[in-house]
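**Student:** In the order they appear, the protein sequences are chains A and B.
The first sequence begins at 89 in the numbering used here and counts up by one.
The second sequence begins at 11 in the numbering used here and counts up by one.
Simulated from the structure, these hints should not be mistaken for lab results.
All of these numbers come straight from a predicted model, not from anything done at the bench.
A few of these clues could be false.
Residues from chain A shown here face chain B by an in silico Cβ test under 7 Å; the list is partial [unchecked claim]: (1) Tyr-341; (2) Arg-343; (3) Lys-483.
Simulated coverage check for chain B against chain A, where a stretch passes if three residues somewhere in it have a Cβ under 8 Å from a Cβ of chain A [what the hints assert, rightly or not]: (4) 148 to 154; (5) 406 to 417.
From the derived model, a few chain A residues whose C-beta atoms are all more than 10 Å from chain B [as the list claims (entries may be wrong)]: (6) Arg-226; (7) Pro-433; (8) Gly-464; (9) Thr-486; (10) Val-543; (11) Arg-607.
Beta carbons: idealized from backbone N, C-alpha and C, even for Gly.
This is what each chain is made of:
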Amino acid sequence: MESLSSSPPPSPAPAADTIRATALYLNVFIVAICGLVYELLAGTLGSYLLGDSVTQFSLVIGLYLSAMGVGAWLSRKLDGELARRFVEIELAVAVVGGLSAPVLFLSFGTVVHFQVVLLAFVSAIGVLVGLELPILMRLLEGQLAFKDLISRVLTFDYIGALAASLMFPLVLVPKLGLVRSSLAMGCANAGVALWGTWLLAPQLAKRVVGLRVRAAIVLIVMIAGVVTADYFSTWAEDEMYADPVVYTKQTPYQRIVVTRGKAGFQLFLNGNLQFSSADEYRYHEALVHPVMAAATAYSGPPKQVLILGGGDGLALREVLTYPTVEHVTLVDLDPAMTSLSRHFPALAELNHHSFDDPRVTLVNDDAMVWLDEHPGQYDAIVVDFPDPNNFALGKLFTKLFYRRVRAHLAPAGAAVVQATSPLFARRSYWCIADTMAAAGLAVHPYHVTVPSFGVWGYVLARVQPFDPPTHVPPHLRFLNDEALAGMFEMPADMTHVPVEINQLDNQALVRYYEREWRRWE
Amino acid sequence: MLLGAPIAAQLACRSHARALPPGTLLETGMTRGHSLVRDGHVPVPQRTRQVGVAIVGGGVAGLACAWELKRRGVTDAVVFELDDVHGGTARGGASAVTSYPWGAHYIVAPQASGEALVPLLAEMGAIESYAADGAPIIDEALRCREPEERVWYLGRWWEGLYLDAGASADDRRQLEQFKHEIDLWSAWRDDRGRRAFAIPRSAATDDPRVTALDKISFAAWLDGKRLTSPRLRWLCDYGCRDDYTLTAATTSAWAGIFYFAARQKGPGAPSQTVVTWPNGNAALVAQLAKSARIETGVTAVSIDDATGRIIAIDRDGPIAVDARKVVVATPAFVANRVVRSRRGQPHGDYGAWVVANVHLNERPIERGRGCPPAWDNVFRDSPSLGYVSATHQRGRDRGPTVWTWYYAFADDDAASVRRKLAGAGHAEWAEVILTDLERAHPDVRDRVASIDVAFWGHGMVRPRVGSCWSDALAARSQPAGNVHFAHTDLSGLALFEEAFDHGLRAAREVAT
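Starting from the given sequences, assemble the full structure and let the hints guide the process.
**Tutor:** Take a look at the structure:
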């Protein structure tokens, strides 16, 4: 560093000025790192949350660079008190850039036009960063020949860019995560601003203290942000999942986590995988089409459909492919989950914006209570709850619950229940099937293979004894008549085992489930 | 500014949290009872009316009597209740969120189809089917949902009332031995085939080998069996506080064993299912009340057992009620003031209770510490009995709810209860309740909308040593002239099933 700055300028500067210049080059370096990191963060967030990384990165880079151009152009309008302006711009970059990732994460679940917010941040940061260098160069103007000034400043700027592009994938994302990285860069910008109040003291003349206090406050806020960033996602949580976490929300009902990897994105509720976009079609086609076929065989195409659970809207998507369906009521406990399914672009795309279909009525309530309080009969009922790994869920698999389902089934209608894995949790699976039978339903167990889950089980039911369906609609991705027939054949290691009936006052299923899945963890 | 705002907001938040939630003190008829009955003054009535059977007291015993009379074709019975609400300590309340109990909140499932409660439960649609042995199977929606109980101890919740975690080999051995002793009693039959302990107790034996247990305390009986494990003794003490307002040291051993053995069909059998409703036994009260003619706000101050004439005070003043038969379905301390021939006679000892309904906007965060929310939630180191969640049975596991918090003045006599209560208004109770709940729910204050508090000064008769089997107790059930008696305290202990049994007995006496 000494060797760089000690090369003799045309008119030798005093030692103090040399040190000051060196320090300002260091500022250029830091500022350059921060600027590029914000850009990379925005691009990464955009592609995590909205998908289509080529478009997102292309948009973010283009907009960012052009915004920098705007900033550079605006810089000539700033005259007088340049040192003060520099410190203020640094503070603004610290606030806007530092808070960009947390704010974007927060707004994602609630803001409908997330892309607009994202691009607004990118533009604002771009403009501010575009102001930085021209002003720094003007601050150094009198001290160096123009050719030396431009070569040194740009050298540090480009080296900073290299450092940022290496730090981002190797250190920041894996070690800090997106939110913390953003706040850490905010700290760096605020630090530069605070340092600048000393470094540029001769040019600041008066009112230094006020500026210093503001810089200190921003720095403290950013540091506090880094410390409390667990609110958004934790290192521990990130490590739980194979792919980067792009969305987390603790609702009063559950913890929702969305991750995104090479194979698409995954939804986790309380740490349990609900689907992977790569193979969910297998699960949802196998869930919905057999029950629709069974209902059709006995009562004609279903008109009134009830979905209990299924807040991801994916079973709903399959149901809505039937033009004969007149009305679907979907009852899911968690408004945050159904809102995510509706507004999270990638998820809304995956469920074909099914919640916006006029045939759909969404109810956020506990299915157990809702069934008790609402009359009505349905031609098909799809029961798609998370696995019974706690007592609150366990009640939704009891004889009492299935009696209520039965009471809501049209005389010739059919119902289906997702019933965990008959291979990994054989007793749990048969406990569900036997409990449904004990509630007075005729049942046909069946299963399917979903790569993300393994072998998965369902139970098809009607009030009257019936034959398994033999025809599904053509042109499905996974299910055809041959696969349908195979699903109802139970291999030897998944056949019936004697089990207790799951009732409200014994919750036998939760105990089976806990014991069986513990073996695989 | 930048830093000041959040701190100010936080302070505002704190001072808000310190403010106690609003709520009311429930009137349980005590004031009216004290002012009209205790002073002994009998006004001269200006009006007279005739009724067939006058039932004085609209608690479970009185309502059961009215219910049974209706079933027996007696249509001219009227229930007179001093309070503005019937149901006694089995009454309930309701909010927009849920209904909830104000006192008694469960019964034990009948063991056989012949039991007196079965027709009532059948009438309510509470019986799903009958087992092969004829035992009624209670509707699944009413069988207490798992997890039934949990205990807060050392910073986490443990499933069940008996604290198994950390129990030594000796603790476990003693628990097994205790269960064995209970098994022996549940298998025991006298030469007429009657059980040692049964609900109601009128179906059980009066064999001196069993009744002798009334002469010693439950604690002495446990000591005699060398059952000294602190975990087991806590369980026994808790049971005595919860059901009797006593501790094991003051409870009759007969009543202590009754608590465990009467609920068990036979040796090794699990305890009979707990049957409950969101509003507790108020659901049973509502069913009984359907067929009854009830007049509230009517206080009987004097009953002449020779003539059957009642002097009462209703909303219009004093009135004479002439009845063919009178059933006094009040606790003995009231009966012994108003029934002429009973005046001045001794009555049993009664325990005081505070019951609070805590209305929550949202449930406290569970933080994943141990057993998830149960129906009955007990704090191991608290003098309270914990709380029951009104939404548990219904299956509403999130959002607003009502917790019914119970405090029994165990062992305390009336004078020391009065001392403890001196100056305790709503605010004091709200603070006590919140502090108690904070043991396990540090964030509860922010979630409480209101707290309603009821004080039951004579909440239940207490089965003290020597009080469950005495000639005096037996004599109290005997009619005097045209006056018959029905109340759970005639059993020496307070249970829905006992009150019901006495109500039915009185109805049989009156109807013949």
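**Student:** It remains to establish, for every hint, whether it holds in the given structure.
**Tutor:** Hint check results:
Because the smallest distance between the Cβ of Tyr-341 of chain A and any Cβ of chain B comes to about 6 Å, under 7 Å, the interface hint for this residue holds. A hinted interface residue such as Arg-343 of chain A counts as satisfied when its beta carbon comes closer than 7 Å to some beta carbon of chain B; here the least separation is about 11 Å, so the hint is violated. Hint status for Lys-483 of chain A relative to chain B: holds, with the closest Cβ pair at about 5 Å, below 7 Å. By the rule of at least three residues with a Cβ nearer than 8 Å to a Cβ of chain A, the coverage given for the stretch 148 to 154 of chain B holds, with 4 such residues.
Look at the stretch 406 to 417 of chain B against chain A: 4 of its residues bring a Cβ nearer than 8 Å to a Cβ of that chain, three or more, so the hint holds. With a least beta-carbon separation of about 30 Å from chain B, Arg-226 of chain A lies farther than 10 Å from that chain, consistent with its non-interface assignment. For Pro-433 of chain A, the shortest C-beta to C-beta distance to chain B comes to about 28 Å, beyond the 10 Å cut-off, and the non-interface label holds. No Cβ of chain B approaches the Cβ of Gly-464 of chain A within 10 Å, the least distance being about 19 Å, so the stated non-interface status holds.
Taking the minimum C-beta to C-beta distance to chain B, about 7 Å, the non-interface status of Thr-486 of chain A is violated against the 10 Å cut. Every beta carbon of chain B lies more than 10 Å from that of Val-543 of chain A, the smallest distance being close to 29 Å; the non-interface claim holds. The beta carbon of Arg-607 of chain A sits about 21 Å from the closest Cβ of chain B, which is more than 10 Å, so the claim that it is off the interface holds.
Comparing the model with each earlier hint shows violations of hints 2 and 9; every other hint is respected.
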